[in-house]
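A.B. asks: Residues per chain, in single letters:
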Amino acid sequence: MAGRKIYLDNNATTPCDPRVVEAMVPYFFEHHGNAASRNHPFGWEAEEAVDYAREQVAKLLDADEKEIIFTSGATESDNLAIKGVYEMYSRKGNHIITVKTEHKAVLDTCNKLEKHGAEVTYLDVKSDGMIDLEELEAAIKPNTIMVSVMWANNETGVIQPMKEIGAICEKHGVLFFSDATQAVGKIKTHPREVGVHLMAFTGHKMYGPKGVGALYVSRKNPRVKVTAQMDGGGHERGMRSGTLNVPGIVGFGKAAEIAMNEMEQDAARLSSLRDKLEKGFFELEEVYINGNVNSRMPHVTNISFKHVEGEGLMMTFNQEIALSSGSACTSASLEPSYVLVALGLGDDLAHSSLRFSLGRFTTEEDVNYAIEAIKKGVNHMRDLSPIWEMYKEGVDLSKIEWAAH
Amino acid sequence: MAYSNKVIDHFHNPRNVGTLDKAKKNVGTGLVGAPECGDVMRLQIEVDEATGVIQDAKFKTFGCGSAIASSSLATEWLKGKSVDDALKIDNMDIVEELALPPVKIHCSVLAEDAIKAAIADYKSKNGVSVEAQALA
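Here the protein sequences come in this chain order: A and B.
Taking our numbering, I'd label the letters of the first sequence as residues 14 to 418.
Taking our numbering, I'd label the letters of the second sequence as residues 162 to 297.
Because the hints were derived from the structure by calculation, they are not lab data.
Heads up, the beta-carbon is just placed ideally off N, CA and C, and yes, glycines get one too.
Be aware that a few hints might be false.
Partial chain A-side listing against chain B, Cβ under 8 Å, derived [unchecked claim]: (1) GLY245; (2) GLY247; (3) GLY251; (4) GLU322; (5) GLY325; (6) SER340; (7) SER398.
Excised from the complex, chain B in its bound form (with noise of 0.2 Å):
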């Protein structure tokens, strides 16, 4: 199976791998998927406190190449992004941006899952401020 270019791109010259301290209070840390799968992503994400903006981004991913670019892709599109706006991010547009062959669509639908798991964790830690801020 042939992979689009930017598949290969964001495989071997991955966006933000790494690793965020998950005990702060502002990092989010999202883990889905099983090694019996052949699939697993944590993406962690670090919000700015004041602004609700995440300002920085981080993966790592066991998986195939569609996998690791969809981490990878993920990533570069949370960073700059608030956290509401995060939540809006749809499997499909990585589908679309990385032309993923039917096969991998599971794929972005993992790193849909990784972006949302790490909201809720950092939301669950920070429950009241983000609630205040959606509000104001």
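Just chain A, with the same shape it has in the complex (with noise of 0.2 Å):
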């Protein structure tokens, strides 16, 4: 079919819910206001609209509002846990434990504090992507002040054992922060139900607007501070300051109370049509889901399609479908997806794989399309392939000796 085109690459972003549009628009104009105005009505239906939104998404968490601080995204929510937990409670210790799979606002920010007198541990995971309990807990000491784990992971949608760890971080009272980037939304994600602390979120990865997303801090048992990393007018009750993205948030709001909703429904639709995806593929010989498939996001997959590499595969269907590849060819660095290389996948099978993300909009006809279009996308690549002909041919592959270059 010409000119069709099809979206598997809902861990980028995902399309914002028409319902959401639809109640955006009138706080860009008829409703436009500051909603830190408080001496006329403009201010006021603002802030009235924020506290509506802040309601819809402390409802989607089963939180209190007052601990939603509204941000521009996950990566400043990360920042701000992590930098303005780590200032806050730097009387208490400077050491935190995170993992090697987590997303670079985490890592890159945790590198940052390094540099100023931080200690961080990075946990290895296990070859399903999991971490070890026993390790993390091993790994906390007296100046251990925070655990960042992620929800779930964007790459393979690996979910953690939120609540043993949330457990552990009890026992030891130190504070759990999470990014929940890819699990908000998609699946239950209650905060205090499981011990976390902190935890981060955006918009556009819910059927939401891009621009947008909160952090969550526990207000009671225990209270959480966090030193703010943005300084201004003292917004969000101190922690964030900058005139908020009224219409931003709405749209935010409004993904929040969908989500809740219709977050079951969704859910099974989508890892029935990620089985049939992935029964599709296994009709090809030499094909590996990466990561726990117990403990997984409903609606992604990770695959690899052994003596094949990602992007040149991408390349044979790039023009009708659209997903990521653990390849990493096309940046400047050789290097392959840093989170397969953690599961000890061999680079070789890093190189060869692509992350499937379904979304709200993903149809059964989409995934039919794609399987058979990217079966034949592999068959293509094999065609071509020096290695598959050698494997085809019995050649052990660990016995050359290849000139890496």
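Take each chain as given, in its own frame, and dock them per the hints.
C.D. replies: Next up, the structure:
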């Protein structure tokens, strides 16, 4: 079908739900006020809209609306949580524990803090992408102030054992921060229930607009404080200055409300489409799923098509199908995905991986089309691949002395 | 990243894909790159022993679009060239022809390496006769 475009890259960003767009529109012109303008109706309308959105977001998290700090997105929320806790709790200690498969917004923030005197432990993951709970507990020291573990991984969809991590943090009296960007709005993410004290997430991964996110900060048991990283008018109870993005926040709130109502049915539908996709690919030889298949997001699968390079494979269908590859052939470095490498995948399998992330607007027809197009692409690339030919001839590829370049 | 039309054409319609009989004395095989790096090229030449001219060239490549296009183009250029002229193919000629962006220059380097490796293999199989031809 010419001109067809299929979007299977919902972990990169989701389309904005039309109901969200509709809710936002009046706040660009009609109700354009500044939520901080306390002395006229324009300001009151804006403030009311923000309050309502805060409630919608809080409900999705089963949290109190005072625990929601609006930001510009998950990257800012990650920065605010980690740097803010590090500064606020500097008297208690300087040690942070995180994981090698975290998003760069967490890892690079931790790297930066190391330059300012922080001590950071980067935990390994097991071959299924899950952290080892004993290793986590063993890493906690008297100067540990925070554990930062993402709820679900962006590349593999693997969900960490949140409740168990929360219990360990509680036992040792350290704060638990989670980057829940990929999980919020798609599966149940109630921070209090699992012992998460701070949680970062964003609108544009849950069918809301880009440029708006939030940080959940626990208000009681314990009452957590973060040092502001953006100074100014003292918005968001002093934790994040800057005029509120009212239309964005309204859209974020609406997206949270829709997610709450439709999450279960979306998840059930998408996991069955995801399973169908995998079943289709398993008709090919040498296909591997990366990450724990029993603890992962319903809409994600990360698959290696052995002896085929991911970016080349994508080029066979990227006019029609949008997704991501774990191959880093497009970047300046030749390193493949650090997440897949952390799972212990050989670089060859990491270079051969594709990430499929379905979404609310993915149809069964899309999936059927993608299966056929991608199978055709894999076969095309294997016909071109010298290592596929060697594999078929029974050559032991590990015995070959490759000239690494 | 947007590819040039030439890369896209070579990628979708690769020239000279295949395998020559590497056991033959007049076939030279070059295998360069490594799966861990995301690129493996195998380039083969079949030389007319009487004239020293490359009469056939085949490739198979594991890699991205630029790697496949670079090796496909290399086989086109090799056919009909003498072995010595083939050695003069420079990776920057490939970069220019395919309009490869800076991050993809390594693909052209790999193609040049593959050409050199295939010729070296052919020469080591036929050392004397090639030397003699070069002197003639």
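A.B. asks: Each hint needs a verdict: does it hold in this structure or not?
C.D. replies: Now for the hints, and whether the structure bears them out:
Annotation: interface hint on GLY245/A violated; nearest CB of chain B at approximately 38 Å, more than 8 Å. Given hint, GLY247/A at the interface with chain B, is violated; its Cβ is 43 Å from that chain's nearest Cβ, farther than 8 Å. Taken as an interface hint, GLY251/A does not check out: its beta carbon lies about 43 Å from the nearest beta carbon of chain B, beyond 8 Å. Because the beta carbon of GLU322/A sits about 5 Å from the nearest beta carbon in chain B, less than 8 Å, this interface hint is met.
Annotation: interface hint on GLY325/A holds; nearest CB of chain B at approximately 5 Å, less than 8 Å. Checking SER340/A against chain B by beta carbon gives a least distance of about 6 Å; that is within 8 Å, so the hint holds. Because the smallest distance between the Cβ of SER398/A and any Cβ of chain B comes to about 4 Å, under 8 Å, the interface hint for this residue holds.
Figure legend: structure checked against the earlier numbered hints; hints not met, in rising order: 1, 2 and 3.
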